[in-house]
Amino acid sequence: MEGRVIVITSGKGGVGKTTATANIGAGLAVEGNRVVVIDMDIGLRNLDVVMGLENRIVFTVVDAVKGRCKIKQAVIKNRKIDNLYLIPASQSDNKDALTPEGVIKLCENLRKEFDFVLIDCPAGIEQGFVNSVSAADEAIVVCTPEVTSIRDADRVIGLLYSRGITPKLLINRIVPEMVAKGDMLSHRDVVEVLSIELVGLVPMDDQVVICTNNGVPLVTQKESKAGEAFWRVAMRINGHSNLPIEVPKGNRSFWDKIGFKLRKK
Amino acid sequence: MFNFFKKLSKNGQSKDTAKKRLQITLLYDKLEVSKDILDDLNRDIVEVISRYFEIDKNALTLDFRKANDERMSALVVNTPILGSKQKSRLA
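Here the protein sequences line up with chains C and F, keeping their order. For the first sequence, position 115 (counting from the first letter as 1) is numbered 115 according to the working numbering, and the numbering increases by one without interruption. For the second sequence, position 76 (counting from the first letter as 1) is numbered 76 according to the working numbering, and the numbering increases by one without interruption.
Chain C extracted, bound-state conformation:
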């Protein structure tokens, strides 16, 4: 059976696309799938450092697409997690070094070898976005509960629809305490505004920064709430579509709890 090609995109930068790609990829691999993640952010690569593989890059996605190396030579094996592989972006090539045709051909080859091909899309809606999206069967749009990110997500969702892809939404960096106070859009608000199906809700978590510092995946950290949430996204993509989407809960202090009860009355 041929593998699925899924693009992770957002429009706006800095909302957690790369973190999401690395962790969904790791989750799918832990579940026993053969997974390759591709960094398509030519010139500004980061997926390699998030995964702790920055010292092992020889060839890149541009080399593989342009035939400067065999595809196998550009694929880096993650030694910490079995079945997880990375094709890094090039740091020196021009942003327009790739074409949709080249990326489609690469993905057609990869899907014969892997169960999942995850594409980490660059921010923006220019050439890099077009290259990343053209090869994908499915799409996950990442946004945070902020006005700027939701507006850009809406734009990207529209562009995906026009390409015949029905995307799913991952809401990242939810702060449950702020949602409870009414100072952050709830996931229901976001879903209502964007009218799109959810694939996961991920809370704000200090562990994200710590794991990125160390170059290790969150999903293997038992005490990480974000890691748990990303793992559930991976499970849902992996066919457990009835796995409930958990709404992040905060750690309310004793006094906050009393205040909350009083306000309800």
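The set of hints was computed from the structure by calculation and includes no laboratory data. The model shown is predicted, which means the values in this text are computed figures rather than measured ones. Among the hints, a few may not be true.
What the hints assert, rightly or not - Result set (SDA-like, lysine to any residue): computed pairs, CA atoms no more than 20 Å apart in a straight line:
1) K181(C) - E138(C)
2) K80(C) - T220(C)
3) K105(C) - I71(C)
4) K19(F) - S186(C)
5) K15(F) - D189(C)
6) K12(C) - E126(C)
7) K15(F) - P176(C)
8) K15(F) - R151(C)
9) K15(F) - E177(C)
10) K15(F) - V147(C)
11) K112(C) - G32(C)
12) K77(C) - K112(C)
13) K30(F) - T148(C)
14) K70(C) - E108(C)
15) K15(F) - V175(C)
16) K249(C) - P176(C)
17) K181(C) - D16(F)
18) K19(F) - V191(C)
19) K168(C) - M72(F)
20) K30(F) - T212(C)
21) K20(F) - H187(C)
22) K15(F) - G32(C)
23) K30(F) - V191(C)
24) K15(F) - I71(C)
25) K19(F) - E146(C)
26) K168(C) - E138(C)
27) K12(C) - R21(F)
28) K15(F) - E192(C)
29) K19(F) - E197(C)
As the list claims (entries may be wrong) - Distance ranges between label pairs, derived from CB positions:
30) S34(F) - E2(C): 30 to 40 Å
31) E32(F) - E108(C): 33 to 43 Å
32) T99(C) - I81(F): 24 to 34 Å
33) I165(C) - T17(F): 30 to 40 Å
34) E54(C) - L75(F): 44 to 54 Å
35) Y28(F) - E113(C): 38 to 48 Å
36) I24(F) - E246(C): 23 to 33 Å
37) D29(F) - E197(C): 14 to 24 Å
38) E246(C) - D63(F): 28 to 38 Å
Note that CB positions come from ideal geometry on N, CA and C, so glycine has one too.
Based on the hints, put chain F in the right spot on chain C.
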């Protein structure tokens, strides 16, 4: 304790403002209409309906909503009708 009372009295929630602003912004982005165009549209609709019915011009509301088909927008015009103009047209 002061903080607690401040929380109690706080009615305006910033997320409601965010949601309203977003809904309007996304609509304008998508349809590429501005406030001026909507005002013109409002004026024209009032004019057309007034030819057939007696209406309260200030009570007419124009609203964009999500249609049943997810990615489509629907224009909803709401106006109380005060009376028919049939008689005056016949006269």
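If you check the beta carbons of E246(C) and D63(F), does the distance land in 28 to 38 Å? Holds, since E246(C) and D63(F) (Cβ atoms, about 35 Å apart) stay within the stated range.
Given the hinted pair K15(F) and V175(C), is their alpha-carbon gap at most 20 Å? OK: K15(F) and V175(C) at ~13 Å, within 20 Å.
Assuming the hint says 30 to 40 Å, is it satisfied by the Cβ distance from I165(C) to T17(F) or not? holds (32 Å)
Hinted pair K12(C) and E126(C), Cα distance within 20 Å: holds (12 Å)
Hinted pair, alpha-carbon criterion (20 Å max): K249(C), P176(C). Please report holds or violated. holds (6 Å)
Is it true that the CA of K70(C) sits at most 20 Å from the CA of E108(C)? holds (14 Å)
Is 24 to 34 Å right for how far apart the beta carbons of T99(C) and I81(F) are? violated (59 Å)
Please check whether S34(F) and E2(C) have a Cβ separation lying inside 30 to 40 Å. For E2(C) against S34(F), whose Cβ atoms are near 47 Å apart, the range 30 to 40 Å is violated.
Do the beta carbons of E32(F) and E108(C) sit within 33 to 43 Å of each other? Since the Cβ atoms of E32(F) and E108(C) sit about 37 Å apart, the hinted range of 33 to 43 Å holds.
Is K112(C) close enough to G32(C), meaning Cα to Cα at most 20 Å? holds (16 Å)
Within 20 Å, alpha carbon to alpha carbon, are K15(F) and E177(C)? holds (13 Å)
Check the following: the C-beta atoms of D29(F) and E197(C) are separated by a distance inside 14 to 24 Å. Check passed, 21 Å falls within 14 to 24 Å.
Hints 1, 20, 22, 24, 30, 32 from the list above are not met by this structure, while the remaining hints are.
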